[in-house]
Amino acid sequence: MGIFSQAGDAILEAHGNGGKLTHELISEVFAAGFKNEILNEGLDSAVMNIGSMLEAAKKLGAADCGQTPGEARLALTTDSYVVNPLFFNGGDIGKLAVTGTINDLLVCGAVPCAITCGFIIEEGFKISELKKIVASMAETAAKNGVSIVTGDTKVVGRGRCDGVYINTTGAGLVIKNADLKPANIKAGDAVIITGVPGNHGICILNERGGYVDKNSVRSDCAPLSGPLISLMNKVKGIRLMRDPTRGGVATTLNEFVKQNGEIGIELLENLIEYDKNSKALADILGIDLLYSACEGRALIICSAESADAAVGELKKFEETAGAKVIGYASHKNKGRVVIKTSVGGARILDMQVLEQFPRIC
Amino acid sequence: MSFNLEEYSKKINKSAAAGKLLESIFKYGDKIDKDCINLMEVCGTHTHEIFKSGVKALLPKKIKLRSGPGCPVCVTPDSYIEGALNLARDKNFIITTFGDMLKVPGANSSLKAEQSAGADVRVVYSPEESLEIASANPDKNVVFLSVGFETTVPASAFLIKSAEALKLNNVYIYEANKTVPEAILAIARHPAVKIDGFILPGHVSVIIGADAYKAAAGESGIPGAVCGFEYIDILLGINSLLEMIYNKDRGIRNEYPRVVSAAGNLTAQRVISEIFEPCDAEWRGIGVIAATGLKLREKYRKFSAGEKFASVIAGSDPRQGRSCSESGCRCGEILLSIIEPPECPMFASVCNPVNPVGPCMVSSEGVCAAYYKYGAAGAEIEL
Amino acid sequence: MCLGIPVPVTKILDGGFAEVKIGDTEKKINIAMVPDAKVGDYLVLHAGFAITVISAEEAEKTYQMLEEIEHGKEIKSIFK
Numbered sequence: 432m433g434i435f436s437q438a439g440d441a442i443l444e445a446h447g448n449g450g451k452l453t454h455e456l457i458s459e460v461f462a463a464g465f466k467n468e469i470l471n472e473g474l475d476s477a478v479m480n481i482g483s484m485l486e487a488a489k490k491l492g493a494a495d496c497g498q499t500p501g502e503a504r505l506a507l508t509t510d511s512y513v514v515n516p517l518f519f520n521g522g523d524i525g526k527l528a529v530t531g532t533i534n535d536l537l538v539c540g541a542v543p544c545a546i547t548c549g550f551i552i553e554e555g556f557k558i559s560e561l562k563k564i565v566a567s568m569a570e571t572a573a574k575n576g577v578s579i580v581t582g583d584t585k586v587v588g589r590g591r592c593d594g595v596y597i598n599t600t601g602a603g604l605v606i607k608n609a610d611l612k613p614a615n616i617k618a619g620d621a622v623i624i625t626g627v628p629g630n631h632g633i634c635i636l637n638e639r640g641g642y643v644d645k646n647s648v649r650s651d652c653a654p655l656s657g658p659l660i661s662l663m664n665k666v667k668g669i670r671l672m673r674d675p676t677r678g679g680v681a682t683t684l685n686e687f688v689k690q691n692g693e694i695g696i697e698l699l700e701n702l703i704e705y706d707k708n709s710k711a712l713a714d715i716l717g718i719d720l721l722y723s724a725c726e727g728r729a730l731i732i733c734s735a736e737s738a739d740a741a742v743g744e745l746k747k748f749e750e751t752a753g754a755k756v757i758g759y760a761s762h763k764n765k766g767r768v769v770i771k772t773s774v775g776g777a778r779i780l781d782m783q784v785l786e787q788f789p790r791i792c
Numbered sequence: 004m005s006f007n008l009e010e011y012s013k014k015i016n017k018s019a020a021a022g023k024l025l026e027s028i029f030k031y032g033d034k035i036d037k038d039c040i041n042l043m044e045v046c047g048t049h050t051h052e053i054f055k056s057g058v059k060a061l062l063p064k065k066i067k068l069r070s071g072p073g074c075p076v077c078v079t080p081d082s083y084i085e086g087a088l089n090l091a092r093d094k095n096f097i098i099t100t101f102g103d104m105l106k107v108p109g110a111n112s113s114l115k116a117e118q119s120a121g122a123d124v125r126v127v128y129s130p131e132e133s134l135e136i137a138s139a140n141p142d143k144n145v146v147f148l149s150v151g152f153e154t155t156v157p158a159s160a161f162l163i164k165s166a167e168a169l170k171l172n173n174v175y176i177y178e179a180n181k182t183v184p185e186a187i188l189a190i191a192r193h194p195a196v197k198i199d200g201f202i203l204p205g206h207v208s209v210i211i212g213a214d215a216y217k218a219a220a221g222e223s224g225i226p227g228a229v230c231g232f233e234y235i236d237i238l239l240g241i242n243s244l245l246e247m248i249y250n251k252d253r254g255i256r257n258e259y260p261r262v263v264s265a266a267g268n269l270t271a272q273r274v275i276s277e278i279f280e281p282c283d284a285e286w287r288g289i290g291v292i293a294a295t296g297l298k299l300r301e302k303y304r305k306f307s308a309g310e311k312f313a314s315v316i317a318g319s320d321p322r323q324g325r326s327c328s329e330s331g332c333r334c335g336e337i338l339l340s341i342i343e344p345p346e347c348p349m350f351a352s353v354c355n356p357v358n359p360v361g362p363c364m365v366s367s368e369g370v371c372a373a374y375y376k377y378g379a380a381g382a383e384i385e386l
Numbered sequence: 008m009c010l011g012i013p014v015p016v017t018k019i020l021d022g023g024f025a026e027v028k029i030g031d032t033e034k035k036i037n038i039a040m041v042p043d044a045k046v047g048d049y050l051v052l053h054a055g056f057a058i059t060v061i062s063a064e065e066a067e068k069t070y071q072m073l074e075e076i077e078h079g080k081e082i083k084s085i086f087k
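Protein chains in written order, with this note's numbering: chain A, 432 to 792; chain B, 4 to 386; chain C, 8 to 87.
Hints may be right or wrong, so weigh each one.
To be verified - Lysine-lysine pairs mimicking BS3-like chemistry, simulated, CA-CA at most 25 angstroms apart:
no., chain 1, residue 1, chain 2, residue 2
1, A, Lys707, C, Lys35
2, B, Lys376, A, Lys771
3, B, Lys164, C, Lys35
4, A, Lys771, B, Lys14
As the list claims (entries may be wrong) - From the derived model, a few chain A residues whose C-beta atoms are all more than 10 angstroms from chain B:
no., residue
5, Ile481
6, Lys490
7, Thr499
8, Glu560
9, Thr600
Simulated from the structure, these hints should not be mistaken for laboratory data.
For glycine and all other residues, C-beta sits at the position ideal for the given N, C-alpha and C.
Chain A extracted, bound-state conformation (with noise of 0.2 angstroms):
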């Protein structure tokens, strides 16, 4: 150890100006966190083999992603986690990173390889809680047979972030024959969602305001690889899917109605279940569920005759556990999702405008 134990705990602004620090929290943290072969090599770039990525796609819930380079498809998505707290019932900033990026791979079909993160860290952050959340990373992205191959560090001054902000861009290969689109959405088709909504917003709600004793209400961050790669690979008939993160499933769905143009969609209310406890904390502040992000869940659109296959398949999983079909896809109310109500009325739910806070009105 050299300049950095003398630096203490805190982050400094040199360890965003690419000298000594910078290279000394890059081996001592991020490196020693993230350990791959990759990253090791201190390269300005990954370089990946798309076939040895193939390989490892197979073993990796069986996935056929093709059986040469040039039959695979490449799936690559991007995200940033702003979260404040960074620490939270059930995860912090970098399992939820990590998450978010595997499962946005996963709901366009595609089985998640290699990540990439970049770090903007406030000056005086803890180096402590830094290797808290690379860790927390590393677990994440071990269990999913995913790798953290590149990254980037800067450091911004006191009070120009949250502690810590992270970007990631996560690659994939899509399995072969999936083609999954809001265009593919029919009248009829049944919507499944993998488990009960709504739990991260909340959590993340009751950590800021203390509403609850924190460890009754728990995010619901979750990689869905296990369940939705075996989905992909067993039933058929799977139109579309996505995860419901901020707006919640009302978001989503709006936003699948609009993509596809032709279709409504209808969700019942009997239907819907929810967690005890974040319903009960829901319910005190007026907070709508239905608009709350969920990290750990999969909104599904697949064909009705499918949807049997897929709710049993899905529930072969714990993290999927509580999945369930909770409405269709209808000819009526075009471009709408409409809830039908227990009174056997309905309602719009109409996409969320505004973030929601808690109310006495």
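On the provided structure of chain A, position chains B and C as indicated by the hints.
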């Protein structure tokens, strides 16, 4: 008898009884000899629940649900918003507020915008959180934005009592509370307002009691039903109201007796009158309605931010505080149900939740917000 | 104008407070307005305060009336 509410809720929310109530509502609709039956939902929460539960889409077209001024945020005058913003901008203050107020637009800012720009604005679930914040920040003045009807007034009253007991000298409230019964009478008397029945607010009534509306009903001749918030409660209330209209009954009925009594919560009423006294109040877009406001009694005036910090509240810019008429906001007519939000030329175009011209578009109970969120009154939903 | 949510009392505390159940966890709320509240009662919670106790007796009457409506009896108001 051991009472389990979860079991009870499952029992009462039964679609079969709802079906029969709807049949009855349709029958009354046919029997009542009018082209259009106007029922005013006094309370903004009722407006939203009626949409949300899907009941709105099921009622006969003849029944027009008109929204009333029962959104305490919506009826708060522009000058109050500007005052709150001036306090927020001043580094000596920490503003505590219900989340409902956060996005309300001032002339060119909002509490949320000021918060983003560095103002210490904190959303609280209960006003009592202001006490801890004040203790932890002895060098700042903590001002709670005291907005709300009688359901919420006791919370502010208890805040003042606790501040007094704890001898805190840096806790204040910026008074804007309003009361309902006199407002209902004023609405009933208004020449442009044509209401056949009032759907009375369920939780305000918990505090003031169902009897509190008798004077208003008697004088105006317009019947009212105190109504709960489950869809079955809403149907019971509407059915009862139609029965009264048909029978030309001028009374008040309490259709939420498991929670509302005739006399109300006397403990709550006592604490309100201990701390507050009635005064005239300005209702945004409507004007001053006598005896519908609450101000701190002399003994507690020291907690009044409106008095103590009048100069900060007034601000330095005499041009600030754009009135409704200047902005073109037709909230007054909307709050009195003279027009519906889609009839306002700015609705959903110039005025929308991201760029609201008035509070009705952003308040959680705001009628414009409800119409925006749930589409054109649910009439277009193909069931 | 009011978000009022029913919650069961699990414990009465000193100074006019009580613990109520929110899901599986407890929250401390102010019961100064319902001094006679006891464990097992359901309170209507608004902005951190209980504004009333839900009357089990009245609740049962409402339910009975709805049962009668469902079975085709003439619809009467709950109000007497």
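Practice task
If any of the earlier hints don't hold here, list their numbers in rising order.
Solution key: Of the numbered hints given earlier, the structure breaks none, since each of them holds.
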